[in-house]
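Just so you know, the protein sequences line up as chains A and B, in that order.
Sequential numbering of the first sequence, starting at 6, is according to this note's numbering.
Sequential numbering of the second sequence, starting at 290, is according to this note's numbering.
Where hints are given, some of them may not hold.
[Claimed, not checked] Partner residues are not named here, just some residues of chain B that face chain A (Cβ under 7 Å, in silico):
no.	residue
1	Asp-302
2	Gly-303
3	Gly-314
4	Asp-329
5	Leu-339
6	Trp-343
7	Leu-349
8	Pro-357
9	Arg-361
10	Arg-372
11	Tyr-424
12	Val-452
13	Ala-453
14	Leu-454
15	Arg-455
The set of hints was computed from the structure by calculation and includes no laboratory data.
Quick reminder that beta carbons are idealized off the backbone N, C-alpha and C, glycines included.
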Amino acid sequence: MNTSRDPDRLISTFLAEGQTELPDRAFDAVRSEIDRTRQRVVIGPWRTPHMNTLAKLATAAAAVAVVAIVGYNLLPANRGVGGGPASSPSLSPTPQPSPSTTPAAAMPPPGPLSVGTYTIVVEGIPASFSVPAPGWAIDRFGSIGFGEGDFGQPDSAGLNFWQSAPENVYADPCAHTPLSPLPAASAAGLAAAAATIPGTDLITGPSAVTVGGHPAQHVVFTIREDIACDPKEFYLWYDESTGGASGGWRWGSELGSTHQVWIIDVDGVVVWIDSETFKGGKLDLDQQIQQIVDSIQFE
Amino acid sequence: MQRALVDRAKRGDGEAFDALARMVGDRCMAIACRILRDADLAEDAVQAALITAWRELRALREPDRFEPWLHRILTNACYAEARRRRRSLAEIRVLPVEATYGPDETFTIHDRDQLERAFRRLTLEQRAVLVFHHYVGLPVSEVADRLDIPIGTVKSRLHHATVALRASLEADARTPSISQERLA
Numbered sequence: 006m007n008t009s010r011d012p013d014r015l016i017s018t019f020l021a022e023g024q025t026e027l028p029d030r031a032f033d034a035v036r037s038e039i040d041r042t043r044q045r046v047v048i049g050p051w052r053t054p055h056m057n058t059l060a061k062l063a064t065a066a067a068a069v070a071v072v073a074i075v076g077y078n079l080l081p082a083n084r085g086v087g088g089g090p091a092s093s094p095s096l097s098p099t100p101q102p103s104p105s106t107t108p109a110a111a112m113p114p115p116g117p118l119s120v121g122t123y124t125i126v127v128e129g130i131p132a133s134f135s136v137p138a139p140g141w142a143i144d145r146f147g148s149i150g151f152g153e154g155d156f157g158q159p160d161s162a163g164l165n166f167w168q169s170a171p172e173n174v175y176a177d178p179c180a181h182t183p184l185s186p187l188p189a190a191s192a193a194g195l196a197a198a199a200a201t202i203p204g205t206d207l208i209t210g211p212s213a214v215t216v217g218g219h220p221a222q223h224v225v226f227t228i229r230e231d232i233a234c235d236p237k238e239f240y241l242w243y244d245e246s247t248g249g250a251s252g253g254w255r256w257g258s259e260l261g262s263t264h265q266v267w268i269i270d271v272d273g274v275v276v277w278i279d280s281e282t283f284k285g286g287k288l289d290l291d292q293q294i295q296q297i298v299d300s301i302q303f304e
Numbered sequence: 290m291q292r293a294l295v296d297r298a299k300r301g302d303g304e305a306f307d308a309l310a311r312m313v314g315d316r317c318m319a320i321a322c323r324i325l326r327d328a329d330l331a332e333d334a335v336q337a338a339l340i341t342a343w344r345e346l347r348a349l350r351e352p353d354r355f356e357p358w359l360h361r362i363l364t365n366a367c368y369a370e371a372r373r374r375r376r377s378l379a380e381i382r383v384l385p386v387e388a389t390y391g392p393d394e395t396f397t398i399h400d401r402d403q404l405e406r407a408f409r410r411l412t413l414e415q416r417a418v419l420v421f422h423h424y425v426g427l428p429v430s431e432v433a434d435r436l437d438i439p440i441g442t443v444k445s446r447l448h449h450a451t452v453a454l455r456a457s458l459e460a461d462a463r464t465p466s467i468s469q470e471r472l473a
């Protein structure tokens, strides 16, 4: 052997050898399997852009904060019909008075929500809500969803309690251009902004309603079918305080999906709740969502 | 076109995913074959990776990065397949050789055998780094991104793997002279 030969070239030549075609039987097997395999649900308003490693680390830290902030501190408060929430994902005994300092470990593990009442902490305010029917679950981001395995499909839904309320909407949802100047940081100001996001069709609102005995604004709209981008790239509103530029934001999951927003003024603190349901569903999930919202109590 | 198929597949379109799989499957097979050095294991790993990709596709945030994302899944599938069938690995078959030795006439069958033996002694993680760097042609930073490991780890694995392979070639080069000395 001539040792003057380039070993790297030999290694590359060695690696160039070998099979390069996947047999048809493998493609057929994959096709057969995907026909039987449901895609995993991804629920939640959070989005992480592609970043370098350093930014990933920064965002990982931010994500811990987001988890802590969104931090549903679920605690079964009342065993409702249909079996108590014994399998509730969280058995944390005490609500955290200051979610911004709540360690990530306080976040309950994802899992199904049994019918019953749960205490939570939102914007640092102890609160509770009730799950009216089976089928709801909490995901790893702290979002509440219906239709595990089928999020985005007709009979599925998502519901989010934002601990730190979004402070702005997107003036150009496809280009991700925020509205400028910022809307007034009040329930009315934010609801007015949410009701006028381009690419959406307003159904109702802003309407003055009451949630948990507090004044609130309610907006309902759908994502238009003719938006100029993928609905997952169609950004609605965001909260920078939960992680700076990598903070949480909400996008439209599917064309034609219905979004509801409740912006509640709890003694001067803005609490933001939003939901999404999808066209063509047979279950009246909007009604169940309304039942959940109607059940909310602030302490 | 790939982006459009990814978008459709993310919406649950099985036909689109099938087309996508046929678009990227051969490349996945080539990578898996080179990491695992066994066509049957590689085929199983690719199948597993494609099924995982289908199941997890909605979590893919950047549709344009489908292939790098899939390659990470594939690499993990290769690791899992090798570990699951470790006993089979002990009886690994020699890869069917489809390429000729033509591109580099100095690359002898003996070289190949030496490299094959040395390559099999590498860890799967070292093999993966070698394959993505030398075969796929990615720079170190992209290998790190694709395998989701630090650049320093890529460099370290690449260094140790390359040293091992070079050593196998150099040992091969020394063998004749040693024999001659013994003969002398």
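Using 7 Å as the Cβ threshold, decide whether Asp-302 of chain B counts as touching chain A. Violated - the Cβ of Asp-302 of chain B stays beyond 7 Å from chain A, reaching only about 10 Å at its closest.
With 7 Å as the cut and Cβ atoms as the points, is Arg-372 of chain B at the interface with chain A? violated (20 Å)
Given a cut of 7 Å on the nearest C-beta pair, is the interface hint for Tyr-424 of chain B held or broken against chain A? holds (4 Å)
Regarding the hint that Asp-329 of chain B lies at the interface with chain A, is the smallest CB-CB distance below 7 Å? violated (10 Å)
For the hint on Leu-339 of chain B, just tell me whether its beta-carbon gets within less than 7 Å of chain A. OK, holds: Leu-339 of chain B within 7 Å of chain A, min 5 Å.
Given Trp-343 of chain B as an interface hint, is its Cβ closer than 7 Å to any Cβ of chain A? Holds, because the Cβ-Cβ distance from Trp-343 of chain B to chain A comes to roughly 5 Å (cut-off 7 Å).
Proposed interface contact between Arg-361 of chain B and chain A, which counts if any beta carbon pair is under 7 Å: Violated - the Cβ of Arg-361 of chain B stays beyond 7 Å from chain A, reaching only about 13 Å at its closest.
Does the interface hint hold: is Ala-453 of chain B within less than 7 Å of chain A, judged Cβ to Cβ? violated (10 Å)
Regarding the hint that Val-452 of chain B lies at the interface with chain A, is the smallest CB-CB distance below 7 Å? Interface hint status for Val-452 of chain B: violated (10 Å vs cutoff 7 Å).
Status of the Gly-303 of chain B interface restraint (C-beta, 7 Å, chain A): holds (5 Å)
Restraint outcome when Leu-454 of chain B is required to lie within 7 Å of chain A by C-beta distance: Nearest chain A Cβ about 5 Å off; hint holds.
Can you verify the interface hint for Pro-357 of chain B: is its Cβ closer than 7 Å to any Cβ in chain A? violated (10 Å)
In this structure, the hints that do not hold are numbers 1, 4, 7, 8, 9, 10, 12, 13, in rising order.
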